[in-house]
Amino acid sequence: MLDYVTSYLSSNTTPGQAGNLVWALIYILIVFGGVSVAVMAMNWLERKALAHFQIRLGPMRVGPHGLLQPIADAIKLLTKEDIIPERADRLVFWIAPLIILCASFAVYVVIPFGPTHAITDLNIGILFMLGVSSLSVLGVVMAGWASNSHYPLIGSLRSSAQMISYEVAMGLAVVSAILMTSLNPSGTGTLSMIGIVEAQQQQQIWYLFKFFPLGFIAFAIFAIAMVAETNRAPFDLPEAESELTAGFHTEYSGLRWSLFMLGEYAAMIAVSSIAVTLWLGGWLRPFPNALTGATWDLAFSLFPGFLFLSLAAVAWVGVIRMPKHPYFRIQTLGLAGFGSVLGLIGLVLFVPPVRDRIQDIFWFTAKVAFFMYMYIWYRATFPRYRFDQLMRVGWKVLLPISLAVLIGTAVAGMVL
Amino acid sequence: MSEETKSPPPGSAGEPKPAGQPWLSPLVTKLKTRYGSGVLEASTSLGQNCLVLDSSIAHEILNILSEEEEFDYCVDITAVHYPKREKPFDLVWILYSFPRNQRLRVKTMLAEQESFPSSIPIWSGTNWLEREVYDMFGIRFDGHPDLRRILLPEDWKGHPLRKDYGIIEQDQEWVQTNLGIESGQ
Amino acid sequence: MPDSTPHPSPLELGSPDKTFLDSNELILNMGPQHPATHGVLRVILKLDGEKVLGVECVIGYLHRGVEKIGENRTYAMFNPYVDRMDYVAAVSNGLGYCETVEKLLQIEAPPRANYIRVILTELNRLASHMLWLGTHALDIGAMTPLFYTFRDREEILKIFEKYCGARLTTHAFRIGGCLYETYDGFEHDVKKFIDFVPPKIDEYEELLTSNRIWVERTKNVGNISAADCKALGVTGPVLRASGVKWDIRKALPYAAYPDFDFEIPVGANGDTYDRYLVRMQEMRQSLRIIRQAVEGLPEGPIMAKVPKVMKPPAGEVYHSIEAPKGELGYFIVSDGSTQPYRVRVRPPSFVNLQALDLMVRGQLVADVIAVIGTLDIVLGEVDR
Chain A
1 MLDYVTSYLS SNTTPGQAGN LVWALIYILI VFGGVSVAVM AMNWLERKAL
51 AHFQIRLGPM RVGPHGLLQP IADAIKLLTK EDIIPERADR LVFWIAPLII
101 LCASFAVYVV IPFGPTHAIT DLNIGILFML GVSSLSVLGV VMAGWASNSH
151 YPLIGSLRSS AQMISYEVAM GLAVVSAILM TSLNPSGTGT LSMIGIVEAQ
201 QQQQIWYLFK FFPLGFIAFA IFAIAMVAET NRAPFDLPEA ESELTAGFHT
251 EYSGLRWSLF MLGEYAAMIA VSSIAVTLWL GGWLRPFPNA LTGATWDLAF
301 SLFPGFLFLS LAAVAWVGVI RMPKHPYFRI QTLGLAGFGS VLGLIGLVLF
351 VPPVRDRIQD IFWFTAKVAF FMYMYIWYRA TFPRYRFDQL MRVGWKVLLP
401 ISLAVLIGTA VAGMVL
Chain B
1 MSEETKSPPP GSAGEPKPAG QPWLSPLVTK LKTRYGSGVL EASTSLGQNC
51 LVLDSSIAHE ILNILSEEEE FDYCVDITAV HYPKREKPFD LVWILYSFPR
101 NQRLRVKTML AEQESFPSSI PIWSGTNWLE REVYDMFGIR FDGHPDLRRI
151 LLPEDWKGHP LRKDYGIIEQ DQEWVQTNLG IESGQ
Chain C
1 MPDSTPHPSP LELGSPDKTF LDSNELILNM GPQHPATHGV LRVILKLDGE
51 KVLGVECVIG YLHRGVEKIG ENRTYAMFNP YVDRMDYVAA VSNGLGYCET
101 VEKLLQIEAP PRANYIRVIL TELNRLASHM LWLGTHALDI GAMTPLFYTF
151 RDREEILKIF EKYCGARLTT HAFRIGGCLY ETYDGFEHDV KKFIDFVPPK
201 IDEYEELLTS NRIWVERTKN VGNISAADCK ALGVTGPVLR ASGVKWDIRK
251 ALPYAAYPDF DFEIPVGANG DTYDRYLVRM QEMRQSLRII RQAVEGLPEG
301 PIMAKVPKVM KPPAGEVYHS IEAPKGELGY FIVSDGSTQP YRVRVRPPSF
351 VNLQALDLMV RGQLVADVIA VIGTLDIVLG EVDR
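Residue numbers (this note's numbering), protein chains in the order written: chain A, 1 to 416; chain B, 1 to 185; chain C, 1 to 384.
In case anyone wonders, no lab produced these hints; they're calculated from the structure.
All residues carry an ideal CB built from backbone N, CA and C; glycine is no exception.
It is possible that part of the hints are untrue.
Claimed, not checked - Simulated coverage check for chain C against chain A, where a stretch passes if three residues somewhere in it have a Cβ under 8 Å from a Cβ of chain A:
#	region
1	134 to 145
2	201 to 213
3	356 to 367
As the list claims (entries may be wrong) - Calculated lysine to any residue pairs in the SDA-like style (CA-CA distance at most 20 Å, straight line):
#	chain 1	residue 1	chain 2	residue 2
4	C	K68	B	Y165
5	B	K163	C	E67
6	C	K46	C	N29
7	B	K84	B	V52
Sequences and hints are given; from them, build the entire structure.
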């Protein structure tokens, strides 16, 4: 039994490739659980970071520094009354959030957390991701239609138009990255996600910096388009409260609304993963080729441990700064416990076998986390684009630039 | 500037008579030559010029003031109710001239149920001001494109700023239908 | 309050059988409760797709009959009511009313009182503009400036609280001067505030003025020409942004304004961006005035000789001041008794709101909210 487990832990194929159903299911559960935890963490981070941008504190009461706030929110949403508008189309009303959720989650099948740590490695991975994530547009339109109310309908039409427009620019940016994969010695490019990162490793450069500034511009286009794709600020007109149309999810309450939110955050993480894989070198540690050697490998491999230890230190500083009132005793204990768990994880991450295995997953997750933070930063800083300006940016600005970058990349690849 | 306080002329008890000096200016001379007795009074009190006009020529004179005398900004239109007077309503325009940096008050007296031509063709900003005067006093303006109540609900009865409308009086009917209570608090 | 009777709105839809998707025109109601209408304002939009064909404002939800109340209170008793109209800039309202009654009584407030009045009024102008900036940015989608401006506005409200006990509806002035002498440390607090604020205003400008999205949302949105402004009676920053350099503080000065040296910012195009720039500049000019006032604060009494029972001689007077929103005027008719015969408040927001229809024609729906924000209306003043 133990051999069975260890044999798969140190395998060098993905479960999908190996055709092993059990491990595939286990990986799916791990990824699903991980994404759900990530969404909850993202919820907390968004509220806290946004609050700190706005010189206030954010949730502080539910759990120490609001750490249990997402759980409280989840419980609230689950126990809310499920209201369906009287003349809404019940079946479509029910299905719409499910479609968005499934479309957002199905994408995680090919996301590579490491050279063999993906549920499966389709050889058309990136195409699959773009295609499946586009299915969420269907869910958006269905949600707006089924609500039988003209604010959500107009909001959903706007939202779907926005998402479709920015997919074009996204797709072209992706194509220019794919073109760069074909510059490896064998001369053939690849659409598989793991293959793209391996191509970056072989070509010894993150595509962000390749053919500078072409790779960078392609990355920038994708970064902007992905924000518009997920209906986040500054492209969140369809779901803003102070605008007239309150968005396609107006009539949804409780669990159904939380499914929308889950789908939105999952989509954010998914497109960030695409960006990380294509341009930021996926699971590769920083400077994989410039700083080679066992010592550099060791140094970088100690980074996760130190990161968690410093997070634990931050938590302990919070513990020390807690008011000494008996009211806060439980919170202090909770935060101390949380800090201790973080410290323990940090210590575990120093243990050599764990240290080596966790590298890829850690760097991938760290880069995706950076994108998540950028999402929150954009939301705090920028005003909203008006809908016609949004469409103009998508079609008249991003599309020509991405075409130019594509052609430039092709020419540069041939010439250089 | 010393004020001559005139004692109120007999027979107009209850009406505040502003104490003032006659206002002499080329504008007044011009209007008086053109309209003679239509310009009932041109006075200055407390540093503010005031023209009191007959209601029949007031609209023309407002036109002249706007076009020829450069009073291009109508600051306010309001009314005052003197119930014991023969012509109970005082309709007041406060005008300002940007080029001359001068302010002018123009008044006219209106009888009960008498309407007055709208000033919208002269200054378009008088739209809501006239609607408010109608709402609060019941003075109708001829030629106003949309003369209906502005601050009170559409079906309110009564014009509150009249002196015969009590301070805690409410429109019984409206309050009963819309709020479901008997009026009178 | 159910709006049961259908009134003949000029924006009627054609046939009742058509759904909103069939007709070319859509009537959309931004109801009295809406986060972006700055109060209880109902805006009925007539749309052709995204384009606005016309706008009708339904007001009166906050009508409290202030003018009728004025006829039944003595002059001094009416003073607190005046704060509640433009509740954001209560001090200005009080200033206008007190000065008008002082004109009727033919008394003048002593110089020290005038200086104190100017300081507090300009602080209030700053507070009002800060609130405007925060809410306007929030409507357009930038969430953060709101918190920054409210935090800085707190400092002003703290000064008001120390001076007269109230933050918002201050009742700071009395007829004839000020009731309260400046507290110990007033000048110190105000000077500290004047030094504290300019970097904050720079911070707001940094967030917004050259932000590409902000510029695109506000340039050429809600244009109004100077001629239209004058014809409609629009005053205040809206008029100045359209190019008319007119400010009552310079044209028909009152209080201690002739003693101070300040500029009137003027815009060029009359669009939302210009109004934003004009108000930011006004904030800086207010700081300039406050600095001059605090440094030159004269000694002396703060209250003129006012009879205990105020019976102004019979007469009528109109006096206006430059409130943060525009020309705030009071027309008071006195019949020689202790209570005014007629109090008329000429509210700047009421007259400015008329311009909404003209400003949003041909623009998009999202711009309507930006324009309502840029007009800086306070419903307490519109409805009184």
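Task: Verdict on chain A covering the region 134 to 145 of chain C, criterion of 3 CB contacts below 8 Å - done: holds (count 8)
Open item on the list: Run the distance test for C:K46 versus C:N29: straight-line Cα separation, threshold 20 Å.
Closed with: Given pair C:K46, C:N29 holds - Cα atoms ~9 Å apart, limit 20 Å.
Open item on the list: Using C-beta distances, would you say chain A covers the region 356 to 367 of chain C, given that this needs three or more residues below 8 Å?
Closed with: holds (count 4)
- [ ] Given the hint that C:K68 pairs with B:Y165, test it: the Cα-Cα distance must not exceed 20 Å.
- [x] Holds. C:K68 to B:Y165 sits at ~10 Å (cutoff 20 Å).
Task: Given pair status - B:V52, B:K84, alpha carbons within 20 Å - done: Distance ~19 Å between B:K84 and B:V52 Cα, so the pair holds.
- [ ] Decide if the proposed pair is consistent with the structure: B:K163 and C:E67, CA atoms, cutoff 20 Å inclusive.
- [x] The given pair, whose Cα atoms are some 12 Å apart, holds under the 20 Å limit.
Task: Outcome, coverage of the region 201 to 213 of chain C by chain A - at least 3 residues whose beta-carbon is closer than 8 Å to one in that chain - done: holds (count 4)
Every hint, counting from the list given before, is met by this structure.
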